[in-house]
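Start from the sequences, fold in the hints, and give me the full structure.
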Amino acid sequence: MEARPLSAYVVRRLIGAIPLLFLISLISYGLMGLAPGGPTAILSQQARSLTPAARQAYEAALGLDKPWFVQYFYWLKELVLHGSLGNSFVDQRPVIARIAEKLPITVELLSLALVMTLVVAIPIGVRAAVRRDSAFDNLSTGLALIGYGVPIFWLGILLIDLFAMHLRWFPASGLYSVGREGNPLDLLRHLTLPAATLAIVSVAGWLRYQRASMIEVLDAPYIQTARSKGLPERIVLWRHALRNALLPMITLLGLQLPGLVGGAYFIEYIFSIPGMGYLGINAIFQRDYPTVMGITMLSAVMVILGNLLADVLYAVADPRIRYD
Amino acid sequence: MHFLRRYARRPASLVGIAIVVVIALVAAVGPFIVPYSPIAISHQLLGNPQPPSFAHPLGTDILGRDELARAMVGARISLTVGIAAMLVAVVVGTLYGATAGAAGGAVDAAMMRIVDALLSFPTFFLVIAVEALTNKFALGIIILVIGLLSWMGVARLVRAEVLSLRERDFVAAARALGAAPSRVLLRHLIPNALAPVIVAASFAVGDNILTEAGLSFLGLGVQVPTPSWGNMLQDALLPAVRSAWWLVATPGALIVLTLFGFTLIGDGLSYALGASSGRR
Amino acid sequence: MPLRIFALAAYAALLLCGCAAGAARDPNTLVILEAADGSTLNPLFSTDAASALYEGFLFDPLVNVGDDFKPVPWLATSWRSTPDHLHWTVELRHGVRWSDGAPFTSRDVVWTWAAALDPATGFPYRGQFDYIAQVRARGPYTVEFTLSQPNALFESEALGTPILPEHVLGKIPHRLLRLSSFGEHPVGTGPFLLERWRHDEEISFVRNPHWWHGSVTIPRIAVRIEFNEQSRLDAMEDGSGDVLDGIGTSGYAILQQQAPKLRLLHLPDLYSFFIYTNQKRPGLDDNRVRQAMLYGWDREAVVHGLLRGDAIVATGLVPVALRRWYDPNVRRYDYDPGRARALLDQAGWLPGRDGIRQKDGRRLSFELLVAGADAATQDLAAEFQSDMRSIGIAVTVRSLDFATFIAQTEGLHYDLALGGWGGVPDPDQFTLLESKQVPPVGNNLMSYSNPIVDRDVTLGLRTLDYQKRRAIYDSMQRVTAEDLPVLFYINTYYRAALNPRVHLSVSDILPDQYLFRDIFAWRLDR
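Protein chains in written order, with our numbering: chain A, 1 to 324; chain B, 1 to 280; chain C, 1 to 526.
The set of hints was computed from the structure by calculation and includes no laboratory data.
Predicted, not measured: the structure shown is a model, and the values here were computed from it.
Mixed in with the good hints there might be a few duds.
Stated by the list, open to error - One side of the interface only, derived from the structure: several residues of chain A facing chain B at Cβ under 8 angstroms:
no., residue
1, 5
2, 9
3, 30
4, 31
5, 35
6, 115
7, 116
8, 148
9, 192
10, 284
Said to hold, decoys possible - Chain C is nowhere near these chain A residues, computed Cβ spacing over 10 angstroms in every case:
no., residue
11, 14
12, 16
13, 108
14, 159
15, 171
16, 173
17, 178
18, 200
19, 205
20, 235
21, 306
22, 309
All residues carry an ideal CB built from backbone N, CA and C; glycine is no exception.
Structure (structure tokens):
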């Protein structure tokens with residue numbers, strides 16, 4: 001595999017993402033228009049604590065007396081040139097700083113949930129596809145159908161009640177116990193239940209497509225060929241069939257990303273995990289508009305980058321698609 | 001008709017319909033039959049939720065209100081919001097997607113870019129942000145907000161169908177006969193594109209019910225004292241009533257059951273419509 | 001297959017031994033658990049409780065709080081006033097040093113007050129000290145305050161304000177004080193020095209070896225910020241926390257059950273909660289209607305049922321905790337829906353066809369604003385709504401976020417609003433009840449106007465003699481229990497937990513931030 005075509009592909013996709021990012025910033029900014037008083041009220045509220053002279057200068061710099069599209073460009077300029085998304089109403093600290101502190105935690109939660117999902121869903125999906133219409137297949141499909149409809153916050157509450165309150169195996173909430181900040185084992189303990197909640201719901205969604213995709217691949221001629229060549233079933237299954245079945249799943253993962261991110265946010269709120277979701281949902285309750293807007297926008301950016309990553313992975317796995 | 005028979009061939013699909021019909025019936029008629037009001041508070045039972053009994057088959061909640069009556073009204077809300085929001089999304093999405101697909105070229109590309117951008121946002125977070133920003137929790141507004149944040153999937157589907165249908169014979173024939181583009185759109189393209197939309201719609205109802213439940217759970221949806229499965233769950237979280245398992249189980253189980261029904265229907269429709277139109 | 005089982009077992013083992021390894025505990029550090037971090041260490045700009053807590057460690061006031069909230073000399077050794085209470089002379093302590101070694105003098109007091117009273121600074125409580133006309137030094141250890149009118153809160157609030165160093169801040173123009181780094185790098189005269197501040201995580205203090213009062217018995221304080229209540233409770237249970245400042249009803253019950261060794265505090269608190277009534281709205285302007293609403297609201301059942309009995313039904317605006325001022329001999333409003341209905345009939349509001357009362361074609365219907373969308377608040381609102389309905393008043397509930405709630409109530413766009421008030425160990429209610437104190441001037445959101453109450457709260461604020469003042473506030477409590485400004489709801493309790501190794505030095509334990517008033521003299525068992 002030559003390196004050049006892949007990097008060219010990546011560059012092409014990155015450039016293609018720019019209009020998308022621009023649209024996202026426009027939509028996020030427009031969101032503020034829904035607030036009472038609109039963006040003007042929001043941005044000038046930041047200035048409330050300044051003296052009148054300083055406030056006037058601040059408002060002029062943001063173009064608050066100009067029409068909305070001019071305001072938008074001022075705001076965009078602030079963002080692009082200074083990396084600033086404004087200051088939080090709650091503690092006057094830059095929104096970017098507050099989000100940057102919380103982002104790694106959300107990523108950790110999502111990663112753990114993803115690992116759990118794949119570790120569970122892939123083997124089950126393979127087995128169900130191989131033993132089509134068996135009891136195992138029907139049971140797992142049935143469970144997936146039911147699990148698809150479980151409200152994530154309800155599931156979280158049930159898991160807390162069972163594993164944290166009754167059995168006391170895991171902590172009910174928080175990221176670290178007092179005095180153990182930074183301890184990775186403590187982190188893992190605290191993230192287990194939240195990640196598991198997210199994983200269970202993801203598995204339900206994943207299983208259905210995994211099974212369908214796997215079946216399609218298993219029926220393909222080249223699999224019969226591999227079998228007839230005397231390759232052991234395990235190798236046929238895991239090395240050939242699964243690899244090809246997983247390719248469309250990568251795209252599916254990209255499609256599921258917004259839902260996963262949204263689910264993670266809700267989970268963080270239920271379990272008091274101080275990530276972006278916890279920050280975001282609390283910011284919504286506090287009407288901390290700059291933070292809400294910042295998180296909305298960054299969530300979308302995360303999803304776009306995630307999709308980009310998925311596309312690159314797909315391109316690595318299947319070189320054919322690069323040449324379009 | 002052919003497609004109905006295909007649908008009925010799978011028992012799971014029929015189970016789905018049965019579930020949804022039963023829930024709808026209970027929602028519609030139940031509150032008239034149950035002797036309790038869903039909002040009537042009992043001073044004696046304040047702070048002391050009662051487990052299920054003959055008098056109260058699903059028990060009472062922390063304010064002494066009958067849980068069964070509340071669950072039934074909650075069913076009404078969930079079904080209403082789920083279906084109405086789906087209709088909003090379908091109408092907006094179909095018009096948008098059909099227009100994009102029919103227009104083609106740069107217009108189509110631009111319109112779909114906007115859809116891509118919108119789809120990148122985590123929907124639930126966006127819904128609660130919009131509700132909180134506007135501070136308006138009337139049922140109609142909730143329906144509009146959920147509907148207007150979920151039409152993008154439908155738009156993509158419709159556009160894809162329209163694009164593939166565009167080049168087909170009957171469209172060329174209509175054009176040759178001098179039909180105006182909008183007429184072609186409305187009379188020919190859209191009806192044929194509807195099959196995948198119907199499938200998506202039934203899954204969408206389920207998603208909308210989950211969204212409304214989450215919204216009400218956070219206090220940003222249906223307001224006191226009207227019960228919704230979501231805000232009933234919020235109540236069930238009070239430390240004082242964590243031991244009242246029937247309060248935690250009821251709304252959750254009902255949501256799971258309702259969604260199970262709609263998912264089975266969606267699967268059934270997918271099977272019935274997918275094969276019959278000769279595609280895939 | 002076996003590989004996956006092995007992996008699962010390894011994961012489980014990792015987690016279990018993770019919890020066995022506890023954290024090392026430093027016996028010389030007092031660990032205080034707080035739910036939220038402070039915003040700044042500059043007393044001129046903070047309004048939140050956590051910041052006030054930290055400032056209490058770092059700075060000293062002229063006068064501190066003693067048993068029963070009585071004033072004790074602190075940086076001031078004595079103070080006296082002229083008979084008209086307009087001129088106060090305060091003698092300052094000699095030999096006090098700032099943490100950087102500079103001597104404390106009257107210049108610091110004068111500078112602190114000049115900054116506080118200057119509008120350009122932006123001191124959030126400036127309006128409360130309008131009555132202070134001038135602050136002047138009379139020699140290095142004497143300060144003279146000139147007031148434009150006598151004020152009963154001068155001793156506790158004005159003289160209780162922390163003093164800041166003139167030699168550090170004096171050169172900064174007042175309008176730029178907010179931007180100075182003093183809020184992160186403070187210099188004070190207090191019992192502790194700032195060691196390190198990791199925002200939203202932990203702030204630590206070490207004892208001041210040169211503190212004027214004497215030696216500080218606690219070597220080090222670490223305030224850990226843990227916003228999750230369950231985590232705070234867990235930390236108290238396993239001993240990693242020493243003081244839990246502020247616990248909810250259910251958390252308290254959990255600790256009672258699961259951590260019996262802890263010393264639990266349960267004290268009547270200084271806050272009152274009530275429903276504001278906008279008396280410009282038709283219906284609410286009639287006292288009989290307000291009285292009917294209070295008779296028709298079963299607050300006992302709410303406290304017993306919804307709050308597990310962990311609150312006190314309020315009989316007025318002065319909380320039960322203010323032992324020296326609370327007057328129990330006022331009209332009581334025990335639950336009596338029959339009386340409520342009679343009053344409403346008398347007032348001319350008669351039941352319409354749907355059960356809701358009407359008068360002159362207008363329905364007796366109100367909107368109740370609540371701040372907060374949580375279940376407890378919703379349940380309370382739903383109960384109130386139901387009680388009102390059964391006496392024929394229609395109430396709709398709207399929950400708002402805090403900021404919007406404040407904006408709407410201060411803008412007087414409301415009928416009823418659930419709110420609270422207090423935290424100050426004084427019966428003064430001037431800005432709440434005086435008829436001219438309608439926003440934006442004051443906090444009279446109700447547009448309440450009663451000439452006797454006006455007289456009482458105005459006079460009470462200006463009277464310093466305890467007996468005279470007591471009589472005035474007794475009158476105020478009696479009259480406000482008849483002509484209702486608000487619908488009284490509850491007085492709350494302050495709950496806290498202490499590790500058994502912590503020993504306070506006073507026996508009169510006061511709630512809220514006053515719990516820590518003697519922290520420099522606490523003892524830790526080793």
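Results for each hint:
1. 5: violated, 24 angstroms
2. 9: violated, 18 angstroms
3. 30: It is violated, given that the least Cβ distance between residue 30(A) and chain B is near 11 angstroms, above 8 angstroms.
4. 31: Given a least distance of 7 angstroms, the restraint on residue 31(A) holds.
5. 35: Because about 5 angstroms separates residue 35(A) from the closest Cβ in chain B, which is inside the 8 angstroms limit, the hint holds.
6. 115: Because about 21 angstroms separates residue 115(A) from the closest Cβ in chain B, which is outside the 8 angstroms limit, the hint is violated.
7. 116: Nearest chain B Cβ about 20 angstroms off; hint violated.
8. 148: Interface hint status for residue 148(A): holds (6 angstroms vs cutoff 8 angstroms).
9. 192: violated, 21 angstroms
10. 284: Check passed: Cβ of residue 284(A) comes within 5 angstroms of chain B, closer than 8 angstroms.
11. 14: Label holds. Min Cβ-Cβ 34 angstroms, cutoff 10 angstroms.
12. 16: holds, 38 angstroms
13. 108: For residue 108(A), whose nearest Cβ neighbour in chain C is about 16 angstroms away, the distance exceeds 10 angstroms, so it holds.
14. 159: holds, 14 angstroms
15. 171: violated, 7 angstroms
16. 173: At roughly 5 angstroms from the nearest Cβ of chain C, residue 173(A) sits no farther out than 10 angstroms, so the non-interface label is violated.
17. 178: Label violated. Min Cβ-Cβ 4 angstroms, cutoff 10 angstroms.
18. 200: holds, 15 angstroms
19. 205: holds, 21 angstroms
20. 235: Holds, because the least Cβ-Cβ distance between residue 235(A) and chain C comes to about 16 angstroms, which exceeds 10 angstroms.
21. 306: Holds, since 26 angstroms exceeds 10 angstroms.
22. 309: holds, 25 angstroms
Hint violations for this structure: numbers 1, 2, 3, 6, 7, 9, 15, 16, 17, all remaining hints satisfied.
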